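**Student:** Sequence lines, in order, name chains F and E. Heads up, the first sequence is in the working numbering, so the first residue is 1 and it goes up one at a time. Heads up, the second sequence is in the working numbering, so the first residue is 1 and it goes up one at a time.
Bear in mind the hints are in silico, worked out from the structure with no lab data behind them. If you're wondering where the values come from, they're calculated on a predicted model, not measured in any experiment. One or more of the hints may lead you astray.
Far from chain E by the CB rule (all over 10 Å, computed), these chain F residues [what the hints assert, rightly or not]:
no., residue
1, Phe105
2, Arg236
3, Leu402
4, Ala481
5, Val492
6, Leu597
7, Lys623
8, Ser672
Label-pair distances were calculated between CB atoms; the ranges are [unchecked claim]:
no., chain 1, residue 1, chain 2, residue 2, range
9, F, Gly363, E, Leu224, 34 to 42 Å
10, F, Gly38, E, Glu95, 47 to 55 Å
11, F, Pro253, E, His24, 55 to 63 Å
Note that the Cβ used here is the ideal one computed from N, Cα and C, for glycine as well.
This is what each chain is made of:
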Amino acid sequence: MTAEAPATEPSRIAGAVETRLALDRRRRTRSGSELVVGLALVVAAQLALSAVGGFPESWAVPLADWIDEARRWVINNQTTHWSFSLVFNPISDSIDWGLRTVERFLLWLPWYVVAAAGAMVATSALGMRAGLLAAAGVLYFGAIGLWEESLQTVALMTVAVGISVAIGVPVGIASARYDRFQRNVRPLLDAMQTLPAFVYLIPVVLLFGVARVPAIIATVIYALPPVIRLTDLGIRTVSPATVEAAEMFGATPRQTLRKVQFPLALPSVLTGINQTIMMALSIVVIAALIGAGGLGQVVLESLRRLFVGRALEAGLAIVVLAMLMDRVTHGAAGLGTRRRRLRLMPDSLERLGFVRAIEGALGSVDRALCALGAVLARPMRHAPGLAPLARRPRWVLGLLALVVTTVVSAVLGRPEFPSAFTFSFASAMDWLVDWVRDNLYEIGGTRFGTGWFSDSITIYAVTPLRELFSTDLAWPVVVLAVALAGWRLGGVPLAMFCTACVAGLGFLGMWTLSMDTLAQVIVAVVMAIICGIPLGVLAARSDRFERMIKPVLDFLQTIPSFVLLVPVIIMFNVGRIPGIIASVLYALPAATRLTNLGIRQVEGEATEASRAFGATRGQTLRKVQLPLAAPSIIAGINQTVMLVLAMVVIAGLVGGGGLGLETVKGLRRTDSVGSGFVAGLAIVLLAMLLDRLLQAWTRRFTPVEGGP
Amino acid sequence: MKGEFGGHYIGPVVTTEQTPLECHEVTKVFGDNLAAARTLLAGGCDRQKVLDQTGCLVAVRDATFSVERGETFVVMGLSGSGKSTLIRCLSRLIEPTSGTVKIDGTPIGDLDDQELRELRRQRLSMVFQHFGLFPHRRVIDNVAFGLEIQGAAKADRYERALEVLSVVGLGDWADHFPQQLSGGMQQRVGLARALCVEPEILFFDEPFSALDPLIRRDMQEELLSLQARMRRTLVFITHDFHEALKLGDRIAIMKDGEFVQVGTPEQIVSAPADDYVREFAEDAPKTKVITVGSVMQPLDGEAPPGEPVGLDAVLEDVLPRLLANSEALGVVDDQGNVVGAVDRARVADLLGESSRASAARAGRGAERR
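For reference, chain F alone in the conformation it holds in the complex (with noise of 0.2 Å):
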């Protein structure tokens, strides 16, 4: 330090502090003249090209056309091709004898044993309070007379679901143990996971037909990453060091497999097949588009005949099978909170005398008859392949008692469902509808009520939106606009493949229904972020809010997609507006979530350090927390598009026109196949090009990892 250095030092810190000002004002006008520049680009593009309106329909590729001729070749050589005869029959049917096989042994046992091994596996899982819940599912399954369609779904999801883990499970295993496998494979199931499950039903149509093989292969197709994925993760975050023990003991690659990395990812493999399960629930419903039958066909059909209670009673059996799969599948993975198993009242209740009585009568009984099943189990204990289960004598038991109970059945003739059990609520919902109609459309005599709330919308928001995007504005501009923002997200690159996506929709011939879709996806999602992310705020800074609104997140994440639009049928009628609703809802959870979990995962100590700086609740929300969130939120956001994306597809079903329905019209009529091939193609290109700038957004918010 010199003597003439603090005389200086003021004049040089100013300087310094002008300089970074002046910085910072640069790049600040940088970016916001890019937009200025970027917005203008696309005025003045439109200006000059207001005559030009939507895509020339005379540039359309005629590629229904080549499609339908494909069809027909495919239908005049099922028999005869030998890529039929040697391939896609045999494959079809032993799916097929599967399919029947299952089915016909469950229809073929008397409905308390299913409902008893339901009970059964869901006690075994959660306890069992979820094992009296199970029963009661599956009981209401034959109460509102529908036990064969019910059971009918869950062959197609044993079928399906069996498929997907027999076929993921290795090739998650292959690609954790082979780094190029993985990187091939990755792509693929990214792009598998952006589709919405309905475009995987045309492909399978066009060469399998229609009928519920199609189905489980389309389902199978779609329900597969999740598996794949996480087994491969499962293996792959199994500790180095536990994997170099077993290398230095002189353990072959398949022994460390078998013995160290499979047991330790089995946690993640089983939620692999968990969502695996939810996935292929979602899809096996919107089969029944192509016949798949079960539930899903009860839903379709009493919506096409606006029957909303009967439609409701079959939602509410496949939402009744979606919880019990994602439960039982939940608890096995050993994801729940692990409750004792024999508890049958809440444990607050435990103070009292009597309950405490009845849940030691059922421990003794419970003791009972494990004792039991113990001295069942001896001699299995040698026998091969039976070894693991004489270590549970429950399951012995309980498998015994039901094998016995069926087989009396059998010999004294199969019991129908008692047709005095059954009820039906149906008339009732009916009954609501109307009143809905007559009462909320148009609240006391007001003019507001939910009429006016779904007019408002689509009047002010998704009519314009539309009309602008469709023939508005010239179709060069919307391809540029999009291209300008490819490049500023993500370089030359992706504005190529901006350029790409939606040039494709107008050589498909698809612009105007794309431009339909796009309107609606933008309005729900603009609605979904609205509310999502706000109440992902709360929920991050009251506990207790959290704790309300979980419950409700799950049920609306549970839901297959399609199960979610009877509600809102009942509310808003058919329509547009219901589609977008029910997206809203259905992405809400995705927003909601991540915003929670990015605020929450904020270090203690980053938000403890602006609290000691005396920051207010609101000073640290805004400067520290929703910062180092922004990663968790745009991923949210990302995943929102997606869900709404699938979601407003779905809803082409009541009425949501656009890509959807051309789609919905080309699986239910041969002569339109190949237009719907289209549209389901133009649905591909949306959603690739949707999910890619998103990518890109994400990745600019995520922090660089590592150091120098």
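Assemble the complex: chain F is given as a structure, and chain E must be docked to it using the hints.
**Tutor:** Quick look at chain E alone, frame taken from chain F:
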């Protein structure tokens, strides 16, 4: 039990002449540009220069040493000195870039996968820093893992595992899972697992550094007493100089991937090769390391009265007697011949020197501040 489970790697008949473990110029370089790094190394460039020019990290460089049967060879170095890489090169858990490792005279670099596995199954074993236990297996199945891999029958491997578990004092914990045990107990399981296959050579990769000081001391004592009974060949990695002195028959001090000095604890403490080693040596408990033989005066004239002490007794053993009376003590060799004498003054000189040195160092530190 060895050889019982088949496998076609049949090592040479174990003779006392064969050195169990020999390393010759073992080098490990991490990175993509290996060829360039090799050239630079051959030209004598140092580690930083290789890193700057090729982006390759030289983890171990020209490690040459051999370990005798029944010897405990300790490799001591601070973190990043390459010791963990070195010990992994010895069993080819990490493939060395160059150099040879011979086990019982067989160069292990030439073994194919199957032979390497057999070698690991039959003759080597390892104890890991963070225990490396299998969290999904009970203690007994962890310990029996090596035998299971070799295809031993369940009854046999459980019998052996229980035997070893009781040796390390965990006989009652066989049916627990590793997470239910304390850190010290978990490492006992790790030790039992390594011993269960009756290996000839045991590798220890900083096995006690994750443990509390008191438990660490217990484990060190236990290892010493086990080793006194078994006399296996041990290679032990540590970053704790005191641990090295306590356990090692010989110690290699490692810095930046290279051996700085190899020698007995006494050689290292009394004649550090450079300043780096001296820094460690100054803090060493000298009385526990330096032997009477190295401080005694050659005998001139008559042997001192009183009972003589052995050449290899450490100072700590003789200090009480030297302090109790001013007489010198006679020193005898293995045959019982009196070869020298040691007195208070000699010992005081030696200890004084080290305390002067540390005082000087403290002074330098104070100046700097």
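**Student:** All hints are to be evaluated individually against the structure, with a verdict given for each.
**Tutor:** Here is how each hint holds up against the structure:
no.	hint	result
1	Phe105	holds, 34 Å
2	Arg236	holds, 16 Å
3	Leu402	holds, 31 Å
4	Ala481	holds, 43 Å
5	Val492	holds, 29 Å
6	Leu597	holds, 27 Å
7	Lys623	holds, 37 Å
8	Ser672	holds, 54 Å
9	F:Gly363 / E:Leu224: 34 to 42 Å	violated, 51 Å
10	F:Gly38 / E:Glu95: 47 to 55 Å	holds, 54 Å
11	F:Pro253 / E:His24: 55 to 63 Å	violated, 30 Å
Figure legend: structure checked against the earlier numbered hints; hints not met, in rising order: 9 and 11.
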